Amino acid sequence: MPKLTIDGIEVEAQAGMTVIQAADLVGIEIPRFCYHERLSIAGNCRMCLVEVKPGPPKPQAACALPVADGMEVWTQSDLATKARKGVMEFLLINHPLDCPICDQGGECDLQDQAMAFGSDRTRFREVKRSVTEKHLGPLVKTAMTRCIHCTRCVRFIREVAGVPEMGMIGRGEHAEITSYVEEALTSELSGNIVDLCPVGALTSAPYAFNARPWELTKVESIDVLDAVGSAIRVDARGNAVMRVLPCLNEDVNEEWLADKSRHAVDGLRYQRLDRPYVRENGKLRPASWEEALATVAGKLLSTEPDRIAALAGDLADAEAMVLLKDLLDALGSPHRDCRQDGAALDPDDRASWLFNPTIPGIEDADALLIVGADPRREAPILNARIRKRYAMGGFPIGVLGPAKDLTYAVEDLGNDPHTLRALASGSHSFWRALSDAERPMILVGMGALARDDGAAMMGYARRVAETAGAITDDWTGFGVLHTAAARVGGLEAGFVPGPNGRDTSRILEGTANGSIEVVYLLGADEIDTAALGDAFVIYQGHHGDAGANRADVILPGAAYTEKNATYVNTEGRMQRTWLAVHPPGEAREDWKIVRALSSAVEKPLAQGSLEAVRARLVEVSPTFAPGNEGQVVPAEYSATHRGFSGRLDSAPFVSPVVNYYQTDPISRASRTMAACTDVYINGKASADKRTGTDG
Amino acid sequence: MSAAPKTIPGAANTPFAFTAENQVEAERIFAKYPVARARSAILPLLDLAQRQEGWVSRAVVEAVASMTKVAPIMVWEVATFYTMYNLEPIGRFHVEVCTNLPCWLRGSEDVVRAARDVFGVEIGQTSADGLVTLSQAECLGACVNAPMLQIGDDYYEDLDYDRAKALFTAMKQGRHVNGGSQAGRRCSAPMGDLTSLTTDPTTPEGGRWTAESSPAAGGGADGPR
Chain A
0 MPKLTIDGIE VEAQAGMTVI QAADLVGIEI PRFCYHERLS IAGNCRMCLV
50 EVKPGPPKPQ AACALPVADG MEVWTQSDLA TKARKGVMEF LLINHPLDCP
100 ICDQGGECDL QDQAMAFGSD RTRFREVKRS VTEKHLGPLV KTAMTRCIHC
150 TRCVRFIREV AGVPEMGMIG RGEHAEITSY VEEALTSELS GNIVDLCPVG
200 ALTSAPYAFN ARPWELTKVE SIDVLDAVGS AIRVDARGNA VMRVLPCLNE
250 DVNEEWLADK SRHAVDGLRY QRLDRPYVRE NGKLRPASWE EALATVAGKL
300 LSTEPDRIAA LAGDLADAEA MVLLKDLLDA LGSPHRDCRQ DGAALDPDDR
350 ASWLFNPTIP GIEDADALLI VGADPRREAP ILNARIRKRY AMGGFPIGVL
400 GPAKDLTYAV EDLGNDPHTL RALASGSHSF WRALSDAERP MILVGMGALA
450 RDDGAAMMGY ARRVAETAGA ITDDWTGFGV LHTAAARVGG LEAGFVPGPN
500 GRDTSRILEG TANGSIEVVY LLGADEIDTA ALGDAFVIYQ GHHGDAGANR
550 ADVILPGAAY TEKNATYVNT EGRMQRTWLA VHPPGEARED WKIVRALSSA
600 VEKPLAQGSL EAVRARLVEV SPTFAPGNEG QVVPAEYSAT HRGFSGRLDS
650 APFVSPVVNY YQTDPISRAS RTMAACTDVY INGKASADKR TGTDG
Chain B
0 MSAAPKTIPG AANTPFAFTA ENQVEAERIF AKYPVARARS AILPLLDLAQ
50 RQEGWVSRAV VEAVASMTKV APIMVWEVAT FYTMYNLEPI GRFHVEVCTN
100 LPCWLRGSED VVRAARDVFG VEIGQTSADG LVTLSQAECL GACVNAPMLQ
150 IGDDYYEDLD YDRAKALFTA MKQGRHVNGG SQAGRRCSAP MGDLTSLTTD
200 PTTPEGGRWT AESSPAAGGG ADGPR
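The listed protein sequences correspond, in order, to chains A and B.
Heads up, the first sequence is in numbering that gives the first Met the number 0, so the first residue is 0 and it goes up one at a time.
Heads up, the second sequence is in numbering that gives the first Met the number 0, so the first residue is 0 and it goes up one at a time.
It is possible that part of the hints are untrue.
Said to hold, decoys possible - Within a straight-line C-alpha distance of at most 25 Å, the following computed SDA-like cross-link-like pairs (lysine to any residue) qualify:
1. B:Lys68 <-> A:Glu410
2. A:Lys403 <-> A:Pro163
3. B:Lys68 <-> A:Gly392
4. A:Lys298 <-> A:Arg274
5. B:Lys68 <-> A:Leu38
6. B:Lys68 <-> B:Glu24
7. B:Lys171 <-> B:Ala58
8. A:Lys403 <-> B:Lys68
9. A:Lys602 <-> A:His581
10. A:Lys387 <-> B:Phe92
11. B:Lys68 <-> A:Lys591
12. A:Lys403 <-> B:Thr67
13. A:Lys84 <-> A:Gly105
14. A:Lys403 <-> B:Pro71
15. B:Lys31 <-> B:Arg91
16. A:Lys298 <-> A:Asn43
17. A:Lys683 <-> B:Ala58
18. B:Lys68 <-> B:Ala58
19. B:Lys68 <-> A:Ile40
To be verified - Short derived list, chain B residues pointing at chain A, Cβ under 10 Å:
20. Val69
21. Ala70
22. Met73
23. Trp75
24. Glu76
25. Ala78
26. Phe80
27. Met83
Said to hold, decoys possible - Computed list of chain A residues with no C-beta within reach of chain B, every gap over 10 Å:
28. Leu24
29. Pro53
30. Met165
31. Arg268
32. Ser287
33. Ala296
34. Trp430
35. Asp472
Note that these hints are calculated values from the structure, not bench results.
Fair warning: this is a prediction, and the values are worked out from it, not measured in the lab.
Glycine included, every Cβ here is placed at the ideal spot set by N, Cα and C.
With these hints in hand, go ahead and build the complete structure from the sequences.
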């Protein structure tokens, strides 16, 4: 453990650390542009120059200088400051003075550092260089004249995103950052290079010229557009969400955010349900809350309880689900399900539907089998964690499923479900790799579980885990990767069929044949609405999507940025969103709607406040205890699962996420996501071909 | 040095494969490096491909990338970093005239003028018949024989307008001209008689320095005789 002094403060650093890391340990901030703690060290911006003794009598780059015992470092000495001023002068030589029209203005590292080290006048009399804009896809806008060639974007795209498509071409004065043949970046994490860019060379295209950072109110919340539950910051101006940025959460998303989670938020402005609607003579017409609730109550009370059912969708929060469950119980209907995709998840066996290894636990695993999942599209952040583990080496990955282009090298086990049986019986070659590992991991996706033979899939997958040694006292290597933010919360809150209740497929069977007459859709849009038959459909949700289109009554709810709500991610990590803006128009928070409806049917629920609803959640499942917020509540894996039944179908696995950019009502309403769909899914040339006059 | 092209010229793209002979050579080059360092072969493979094709096309970049198992952008970075890879098609002969200071002082402008007169091209252009591409080169390290130019692997030195014109005319007529000094001197020996080492250096008269003759040994204040 080398000891060194930085600005007179003694630091005990770990061997192999560099000076800038040691300085970060004690809170001494050395200015930097190219250095980033999650990327490889490039050492090319020279902004972190410090004075070091013993050593040559010249400043040295702190980011690339390993610590040594007895080293003395001065970060603020005359030599270091003068050197940094020189570096800054060189950086500013070719950097345009366009801060007033630059989107990075106000949150720009170069701007900040120039305040500290820049000169107020230039000695450069020559012509500044200009660089043509690059086309990096619909999400990243470029102004490459501003680029200072720190190569953070190049390193991120190669190392973290795992799609080596960016590079620096040319050299010296003519160096330019570009993607290969200027193709759009194919990464689902490409938005992060905007955050990484220390200047305004890469900015968010959908957010271009929309707001200044000091105009925004910033609320830390949770993303719900996949089942990972990334920490986000919602930036709003007035009552409009302007953008979403990632927040630091080492246990979930580190500091990255997937493109859909970041850029689908413009969907919050379109297709919104901002007032109740009632269908009259086949057409939906605006109605008052009183009328809508009275219509629903009348229908619920005039229908036999056994002919009422409810389905919860992918974005439903736990508060609304637990109240709706209680309301159905009060009405006497056991028919409800939160698994709108029909996934074979046993509500009573918590360990069978959680991602037990946890996301940070991926780094502890030493072999991985992916069954029927496409983590790159279903959960890009989790996929980045798998790639991080892969990059550490010694991590065989076998993929039995539809997608092999997961940004890391995989052993292709084909796409035949029967291979899973071979793995379960130990007769497959990859089983050996799993059983040789100390902490093997089996990741099962909805592509395997949400199909008719899902129960058998689950059984075989668990058997693989059990026979390959993935279940030990200190390691549960069996994990289910969910695709919906609401799913685990719904299972925890008990939004599953009660005694003799129907599950999703039997509810839809019932609506088709008339044995279910009233269906309550709590944001459920991903079902086959044609199967709803002649049933009376109540849709509670925030977007005019498939469910609302079919609805007979629409109760407008709130989106995740508009309510304080509880979600549980795929690991079983309970997290809460915070209200950043208010629901539009007459829309209300979802639990309040259910509560109001309970009064309308004269079976009022006791919970009159959010605290009371959350107390009810704790009664239902200890996962929701306030102390568990942000924590994974581990599940006890009950070994030897014998009770599975059914035969494996030989149809190949299909991931439920065919189009990553449009998976839920919000992203389907988003114009940005539509543009991404055009470029990445339909292969059209980007619509935003620049004219050269757009600034 | 001109700026790197903004994009790889896709329209001018041609399919690429090493010839059978070059394929053997490419495999020999590839085998020289450890598997984990396969990207070390990028430079020599690009050179080999350029010798075959005359330039580095997108197809060349992708072929070398797949051979060295790196992303095409990484090969493209290398190809754009070095000035000696031609990123656009060139003529049959690549005439690179040094115009750095020593050659310029010795009349490199006359060489450029000769090229203009014979081929009708300016620097950076390819002649209409596709015979030559004229480029400006930075110092090629043959200043003692300035002005000079490079065609392929050969240097042509001691040029002036007439000698350059003769060289270019010969090229145009398809005649071979040997490389080296066009003034007839050997390497960079003096143009006329020797100006130094005019005596046999191994004799004391020739000025051979010995320990005895050094001033420190008292061999004489006037140094070597």
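Evaluation of the provided hints:
no.	hint	verdict
1	B:Lys68 <-> A:Glu410	holds, 17 Å
2	A:Lys403 <-> A:Pro163	holds, 16 Å
3	B:Lys68 <-> A:Gly392	holds, 18 Å
4	A:Lys298 <-> A:Arg274	holds, 20 Å
5	B:Lys68 <-> A:Leu38	holds, 22 Å
6	B:Lys68 <-> B:Glu24	holds, 18 Å
7	B:Lys171 <-> B:Ala58	violated, 31 Å
8	A:Lys403 <-> B:Lys68	holds, 18 Å
9	A:Lys602 <-> A:His581	violated, 28 Å
10	A:Lys387 <-> B:Phe92	violated, 49 Å
11	B:Lys68 <-> A:Lys591	violated, 58 Å
12	A:Lys403 <-> B:Thr67	holds, 22 Å
13	A:Lys84 <-> A:Gly105	holds, 21 Å
14	A:Lys403 <-> B:Pro71	holds, 20 Å
15	B:Lys31 <-> B:Arg91	violated, 30 Å
16	A:Lys298 <-> A:Asn43	violated, 69 Å
17	A:Lys683 <-> B:Ala58	holds, 23 Å
18	B:Lys68 <-> B:Ala58	holds, 15 Å
19	B:Lys68 <-> A:Ile40	holds, 23 Å
20	Val69	holds, 8 Å
21	Ala70	holds, 3 Å
22	Met73	holds, 6 Å
23	Trp75	holds, 6 Å
24	Glu76	holds, 4 Å
25	Ala78	holds, 8 Å
26	Phe80	holds, 5 Å
27	Met83	violated, 13 Å
28	Leu24	holds, 33 Å
29	Pro53	holds, 34 Å
30	Met165	violated, 7 Å
31	Arg268	holds, 36 Å
32	Ser287	holds, 59 Å
33	Ala296	holds, 62 Å
34	Trp430	holds, 28 Å
35	Asp472	holds, 38 Å
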